[in-house]
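Asks: Below are the chains, spelled out letter by letter.
Protein chains: 2
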Amino acid sequence: ASSSGRYAASAAAATDNGTAKPFTAHYFQQELDHFTFTPNASRLFSHKYLLNDTFWRRKPAAGPLFVYTGNEGDIEWFTTNTGFMFDIAPEFGALLVFIEHRFYGESKPFGNDSYKSADTLGYLTSTQALADFAVLITSLKQNLSAVDAPVVVFGGSYGGMLASWFRLKYPHVAMGALASSAPILQFDDITPWSSFYDAVSQDFKSESLNCFSVIKAVWDVLDYRGSNDSGLLELSKTFRACKTVRFPSSLSNWLWTAFTYTAMVDYPTPANFMMNLPAYPVKEMCKIIDSFPVGADVVEKAFTAASLYYNYTGDQKCFEMEGGDDPHGLSGWGWQACTEMVMPMTVSNESMFPPSGFSYEEKSEGCFASYEVRPRMNWITTEYGGHKIDKVLKRFGSNIIFSNGMRDPWSRGGVLKNISSSIIALVTEKGKHEVAENMQGPKYSELTNA
Amino acid sequence: ASSSGRYAASAAAATDNGTAKPFTAHYFQQELDHFTFTPNASRLFSHKYLLNDTFWRRKPAAGPLFVYTGNEGDIEWFTTNTGFMFDIAPEFGALLVFIEHRFYGESKPFGNDSYKSADTLGYLTSTQALADFAVLITSLKQNLSAVDAPVVVFGGSYGGMLASWFRLKYPHVAMGALASSAPILQFDDITPWSSFYDAVSQDFKSESLNCFSVIKAVWDVLDYRGSNDSGLLELSKTFRACKTVRFPSSLSNWLWTAFTYTAMVDYPTPANFMMNLPAYPVKEMCKIIDSFPVGADVVEKAFTAASLYYNYTGDQKCFEMEGGDDPHGLSGWGWQACTEMVMPMTVSNESMFPPSGFSYEEKSEGCFASYEVRPRMNWITTEYGGHKIDKVLKRFGSNIIFSNGMRDPWSRGGVLKNISSSIIALVTEKGKHEVAENMQGPKYSELTNA
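Protein sequence lines correspond, in order, to chains R and A.
Start counting the first sequence at 6; every next residue gets the next number (my numbering).
Start counting the second sequence at 6; every next residue gets the next number (my numbering).
Mixed in with the good hints there might be a few duds.
The list makes no distinction among identical chains, and a pair is therefore deemed to hold if it is satisfied within one copy or across any two copies.
Taking lysine-lysine and the DSS-like style, the derived pairs with C-alpha atoms no more than 30 Å apart in a straight line are [what the hints assert, rightly or not]:
hint : residue 1 : residue 2
1    : Lys-393   : Lys-146
2    : Lys-393   : Lys-26
3    : Lys-64    : Lys-422
4    : Lys-288   : Lys-396
5    : Lys-248   : Lys-396
6    : Lys-399   : Lys-422
7    : Lys-399   : Lys-64
8    : Lys-422   : Lys-396
9    : Lys-146   : Lys-422
10   : Lys-146   : Lys-288
11   : Lys-121   : Lys-210
12   : Lys-435   : Lys-210
13   : Lys-221   : Lys-399
14   : Lys-322   : Lys-248
15   : Lys-146   : Lys-396
16   : Lys-242   : Lys-221
Everything labelled a hint here was simulated from the structure, so no lab data went into it.
Note that the structure is predicted; figures quoted are calculated from it, not measured.
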């Protein structure tokens, strides 16, 4: 109660004096490759970052830098979905810095050719991104004559992973990190492979057993009905597809995405992070399913529930089932998942989705087919650690907060227990993906004031 | 006394059962570039490492791995000059692992073409080397069914820097590090730029003021006499040069190298690390200088003293002054000093050498002329830290011993004070370069027994 009061007060202070100053965009000349000196390595690219000094204290000494370690998307998207940093910036007199991740947004080293092939995309790695942050922050502080200002990094999801890894690899640059919904243990065999989709299933099951059962049943029905052309035509109409789909799997994937992402962003407030959604969207999806008469078509039920994810506002006339770009610029993640970010996942018989296994060989073949690159399966834990993380970091490292919402399926791969007196886990039972980041500032405060 | 007794006992035990088993050489298939996925990156090269399991305990659990993080030279050279690890291996039941540094010895990714240009040499960086170690150690432990065995890294000089940086960057791979004579603070403006050559000068001055003065005087004399052809001819004879030199600076450099390196390896025992030298070689050099009659030629004095470094055994008929490869395979260091390892050094008026300054611009131009590459002047402290290291590591990191000998000029850029209860500095007032590493095992023990 008191913390939301404080947020409300600070948010109000920001808006009382007219609006808080907007962010200003800047471009840093960043080296392409920090870890070699091959001729290409020193090629420079424009690395975008945003600054907001509304709350930055300059006297008697420069206040801290709160740095958002950008992840897989346009950096603006993250500024509009990260409230916590804004909420506490006034109290700490902090300069807000949002740094875009290389190869996303405007920070593409080869412009429109950046995703052409492994020759260009090859430079998209987490290690290069962390070094980008280190170089940029160091240079920025020098240019702002704030060399002694403390730096705290914040991040959510992949960005949360980057924030925690950044504190561990660059303790001389950042003195602390808030890593929100950071599944740094979702590698190798540290976390049971089925736990992600078991968690999604549990989110739905806990709302309604019927809801869970309907979704569990729909996959076989889709495969059966979609096994011939007239079936596909019929299903495409049911799904209001913009074009008749060629494969039933396109419809399954559409449903799969909706249910999975909704479980990730099952916030207690309306939000517009991945998509425009009402409060408690999983509950709302299950209400939709439960509101159908008992004999109603399971495909109709599942489609209607899933369309809450894609079309809550009701302005979509039809749905793009096959092809189409990711609206948040996420296409680089496919590459990242095929190089470093190999997070093995299986689907158990008990889950809501069609059971499946994970094969390193298949993964490797698939990646080679898509990108002409093969993953380095164990690189992440070799480079950053993860195995026995409690033992390793018990007497090493400090000042990292790992926050997770337990309804977020990514939490299963996160750090959920305190490691030491200064590497701590904040767990909210009913929390969601990137919850610590995603208190949406003024909106959230308005709700708590109501 | 008790520790040397223990060393003696362990060394004797090793030799009592017949000789300790020799090292076995192995080759690991190492990726060329750990930090990108460009087509070249996954190219494999043969990475050499040596194993000695004479003392390795297997039951009830695998004993620790003592890993030497190889530096700029053939790995065998370091095995013959690193006694401490051998001395304590029996007590800990340790497996000895000596890993060669990429681009040195047999670990050349492009074979004989490795040093051709920045296209190949570009992959010679400390960050790649540390990742090499992490990947190799992780794989080795798996192959030896010793996944839970603790790992401690050891290194001297640049290898000591690597050992300490390895513990900081890969705490999940190594649980501790002994960093011997590791000048990790000889970057940017952390350490006064004149301190290295002031320390060399102090070593000589503390032996004999006359000795110091003679050396201080020789440089101008060489320049003056070497300013014409007949002078150069005369000097070349005095210096027993294999060929008449073209520049007096070749002779100055020859002297400079002798005095500087001798200060680094001024051990209390005979040694054959850089060169074959007697005990207390600085004292011996000064004795030589002091033993000349007062009016004797200063060039003669300086030459004779310096030739102790190159020709203590007396079997050199002449000296190669211009050209010639470094006998320890050190040529890669020129490249490293022109890319990452920029350690600014000046020579003060008070020192023993001709005064000189340091200019970042000149450094950059010189490197571009030599290698077509420009240094990243502040990269090392951005990547590894160094500024305010006591503050940064006070509550971060653990289990690092920084050892330095104060007669070693490199000690001035080392960590000389404890940082925390588990990041400690061992300083020996009369110690030399890599002293903790360089107790030469049996030889040292023999001397202490005598």
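Asks: Hint by hint, note whether the structure agrees.
Replies: For each hint, the structure was consulted:
no.	hint	result
1	Lys-393 x Lys-146	between (35 Å within a copy, 16 Å between copies)
2	Lys-393 x Lys-26	neither (44 Å within a copy, 34 Å between copies)
3	Lys-64 x Lys-422	neither (38 Å within a copy, 33 Å between copies)
4	Lys-288 x Lys-396	neither (39 Å within a copy, 49 Å between copies)
5	Lys-248 x Lys-396	neither (54 Å within a copy, 62 Å between copies)
6	Lys-399 x Lys-422	both (12 Å within a copy, 24 Å between copies)
7	Lys-399 x Lys-64	between (37 Å within a copy, 27 Å between copies)
8	Lys-422 x Lys-396	both (12 Å within a copy, 27 Å between copies)
9	Lys-146 x Lys-422	between (34 Å within a copy, 28 Å between copies)
10	Lys-146 x Lys-288	neither (46 Å within a copy, 49 Å between copies)
11	Lys-121 x Lys-210	neither (42 Å within a copy, 63 Å between copies)
12	Lys-435 x Lys-210	within (14 Å within a copy, 72 Å between copies)
13	Lys-221 x Lys-399	neither (42 Å within a copy, 53 Å between copies)
14	Lys-322 x Lys-248	within (12 Å within a copy, 88 Å between copies)
15	Lys-146 x Lys-396	between (34 Å within a copy, 18 Å between copies)
16	Lys-242 x Lys-221	within (22 Å within a copy, 93 Å between copies)
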